[in-house]
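Asks: Now for the letters of each chain:
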Amino acid sequence: MNAEKGKFLKAAGSIWGQRVTILVAVIVVMAIVQPRFFSSGNMLSILLAIAFYGVIASGMLFVVLIGGIDLAVGSEAALGGTIFTMYVLAHDMSAGTFFTAFLLAILVAILVGLLHGFFDAYLGMPSFVVTLATQYALYGLTQYITKMNYLPVLNASGLFYQLGNGKLFGIPSPVIWFVILAVIAAFVLKKTPYGRRIYAVGGNPHAAELVGVSSKFHKMTAYIICAVTASIAGMLLVSMNMVSSYKMAAGYEGPVLMALVIGAVNLMGGEGSMGGVFFGALLVGIINNMLILIGIDTDYKEFVQGCIIILAVAINVYTSRKSQGLVDQKRRRMPWLNRPKRGAPDG
Amino acid sequence: MKTKSMKKKIFTLLLAACMVFAFGLSACSDGDAGAGGGGGGAGVTGDFSQPARDLSKGPIKIAFVPLGASGPTMPTAMRGYYDALGGEDNGIFTIDVFDSQFDTTKQIQIMQDLITQKYDAIILEANDPNAVNDVIHDAEVAGIPVITRNMAATGPKIAHGLNSDYRAGYEAAKYIQANAGKADDANVVILDVVPELKPTTRMGTGFEDYLKENTSWNLLETQPVTDTSQENGNTIMSTLLAKYDDIDIVYTVNDDVAVGALQAIESAGRENEGIVIWGYEGHPLALQAIKEGRIYGTSFCDVYKQSYSTMILIQYLMQTGITAANLGMEYTPLIEYSTVPTVQGNIDEVLSAAGVKLE
Amino acid sequence: MVLKPKTIRKLITIGLVIAMALLFGMSTESFFTVRNITMIFRDASYVGIIALGVSFVVIGGGIDLSANGIVCFVGMACARLGVLAGFPAPVIVIVGLLAGALCGYLNGLAVTRLHLSEFITTLASGYIFAGFAVFLVFRENGNVASAAVTNKAFLALGGHIPHTYIYISSVVWVLLAIVVYIIQTKTKFGLHTVALGSNPKSTMMSGVDIDFLKLIGFVLAGLFCGIAGIFQVAYQSASTLTLGDSMGFQAVAVCAVGGVVLGGGKGDAMGAFLGALFMVILLNGLYKISPSPSIQFIFQGLIILVAIFFDTWFNRMMEKKLFSDAVRKRKNQTPLGAVKAEG
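Protein sequences, first through last, are from chains A, B and C.
Position 180, counted from 1, in the first sequence is what the working numbering calls 180; the numbers after and before it change by one each time, with no gaps.
Position 82, counted from 1, in the second sequence is what the working numbering calls 82; the numbers after and before it change by one each time, with no gaps.
Position 263, counted from 1, in the third sequence is what the working numbering calls 263; the numbers after and before it change by one each time, with no gaps.
Looking at chain A on its own, in the form it has when it is part of the complex:
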């Protein structure tokens, strides 16, 4: 009896228990305040709103896990989407063109990822500033190749149209892409040796090297994965909008990082899971949606958003510390104990 009760409490205190609690709390609040929250149209609008961030976040997770950060995802998306659009515009709407354009954009993304990986893994440059710099450079490049033009696709049809506007069982294509990529990322991170090594490299690169895990290889591939997902997000975006401009996806790195952090991903590396990221993205989407449904004065939207994010992260930190029995201790004496265990993916 006692053991069972303990088990239940443990489950409630665990990270997933806590996430479910937050979601249930939100849903209860919404049920009281605005029952329309539960309409299928609204659910789809939440999912569609987070799909683009989510696609990028599933790749960004790899980079953050190996201890890096990629602030250039917005410009990578813009570059990918622009190359894709330009190629299709220069040719036709046939399936062949579509696949060539798609592969071309992915190829460019791989090059960008290689570059980032090279700077981080081989030259040891801090990824925060490197990607901030490449963000400028890639936006510049996108502007340069489009000659600052706005590229509308007026006769979109075929696969180009379906990529962003297609529907499966009434679910928009970007959402499906997000789910597929999230499942793949979760599988790779959890079930494959490669994924485990990513955690190892992020947790302690030197120790990983000593047991024969090449941190360079894993860093390179993580940046490549991130750039590729960003590029896919860019292509989904142009296909949905049927227009490409160099400033599209600007500032996407902020919401993506928010989703990661709310999903309990440690930005220092080695900690976090795709499930957490999915939850984080969902919560960000629900918050934005709630703010409109409840009718918060729109001028204060960002303010409320910031407060809720701090609150969500604070609850997260508090419960994880409590589960480690740190809350009542004299914290000032032993702050290093506050760090959660490394290496083990949660969930």
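Hints may contain errors.
Cut-off 30 Å, straight-line C-alpha distance, at most; resulting in silico cross-link-like pairs (DSSO-like, lysine-lysine) [stated by the list, open to error]:
1. A/K147 with B/K57
2. C/K288 with A/K147
3. C/K152 with B/K106
4. B/K305 with A/K147
5. B/K57 with B/K174
Keep in mind that the hints were calculated from the coordinates and are not lab data.
The model shown is predicted, which means the values in this text are computed figures rather than measured ones.
Since the structure of chain A is already known, use the hints to place chains B and C on it.
Replies: Same frame as chain A, but now just chains B and C:
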């Protein structure tokens, strides 16, 4: 331990106090050396005995400082400017674009730099109606005519403002009231710009003002659309559709957002309710949708003609050397380009008059 | 004479700044003019003052991305008071400074008391502080509007020193840089911050109250953002909700370019100072060399990459050298002086 940390605290406090004191002192110093603004006053100070510039001899550099150098109207604007100067390879004039990236501080830095580089004329989309007044005055004192475009500065010292945004929203509401055949208690949502941009981008305000003054429409809500991007317009509109059963009019401050709203309405399966969507500016996708009858209308800006005539005016100003500063002008002469309400019925006419071809 | 690694590091940054200035100076006429130089120092002073404050946090191993929000909030608070006729300017300044310090204090509390990570705290609090500004913003019929600051004495802060070309903000920036440099290198507080950045655990073990250090770091960052905000509003004579946009990331980038490396323990105020100068000269020169925004963007990115490359390369080389020195010392048992003479 305790005393040491106390010492540290006292030290820090002292330091902070010193800084505060120093600042207080410097703030108290006399206020004559303002940032260049302030002065001015009436009275002609310029020398108009001969032409200020000979436009037949180059190089003459003209700067264009838009809010952001992206957007669909940019190439059209550049085409308009160059056509007024005799093409891109005219051999005398060059037009350089400086992207202020929606950042007031950056815009001021750019303006200062243009004065240093002695540009011959500046076309500006003011990022804030008040913050750029001083630097515009500086430029005009230096003999550089500044024309503000779309987004005007309030200051009495500018030479010319060309402004169309508030009126566009106002006229759009008027047009919809007269022609769309909506009930007197129609439900309206406005998809506006983010609060940061509201002082300069005022279509939403114009629409709202007309709505309050002259109609009995019911304004459900005003939502800001980040970056006025299509995807954000889409998600916000689909949330609003879930929230309200009955929406009659959607006013958007940008055609991108209008197309996003249209996509949301179509994917919610409510395109048959006859929701009126109105946009601003005239982007290709929106124009096509108007032609097909999916978007009701837009406030079409003839960017080409605006740019063309702006450049003609600049040639005149450069030759005469007239600026508001050396004429002692205390007001801003306005050249107002009205936007054209464009709907399915008149779109072909409007587009052919503007020389815009779809596809 | 033997140069310390730190000195060499600084000489590299100074060299980069001078090389770039010479490059731009030779390729354009208007670069080396009094007007342009004072403009560079004025523009650099805004981001530079913020970077000085942020350097406390970064050296201590943290990161502060909330500068955009703080500058926005402080700017709006000052503008709000600045439109009141006859309001004493020193009070405006003090309110601005206090508002900045308060924001920094809130950041510090969230980090030290709630144990949130610096990155996410400051990223989110940037939104929150910008939200404070929305509470204060000028409105016409409920819509956000803009208003001009009219307080002459306050506006004077944004202008020149009387009878010179030098801007007050530039002078304050230089003075602050000196003060901060002294604090960071000569006082116990500064040394403890460096220790905190290099090894928080052992700093803790040696009896330093690291939470207090972090808190003070954030308060100083907030205070300096406040100073920058005051100068920016005084210069623009109006405040907008976009004031300080992108300053958060930019300040950290400026620090990194100047050798105040993320992760902590390296660099000092001089690095932050030079970093700001570097970035502003870069942009100023690029406006003159190439008017095309796309080329400006590309070069901005590439040149920052080069600067970071030099920094990393140098740090690595120094680490290697220290390591090999230590090995050699072990082997030969040579006295310290001999090694010094060699290297």
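Asks: List in ascending order the numbers of the hints, as given earlier, that are violated by the structure.
Replies: The structure conflicts with hint 5 only, although it agrees with all the remaining ones.
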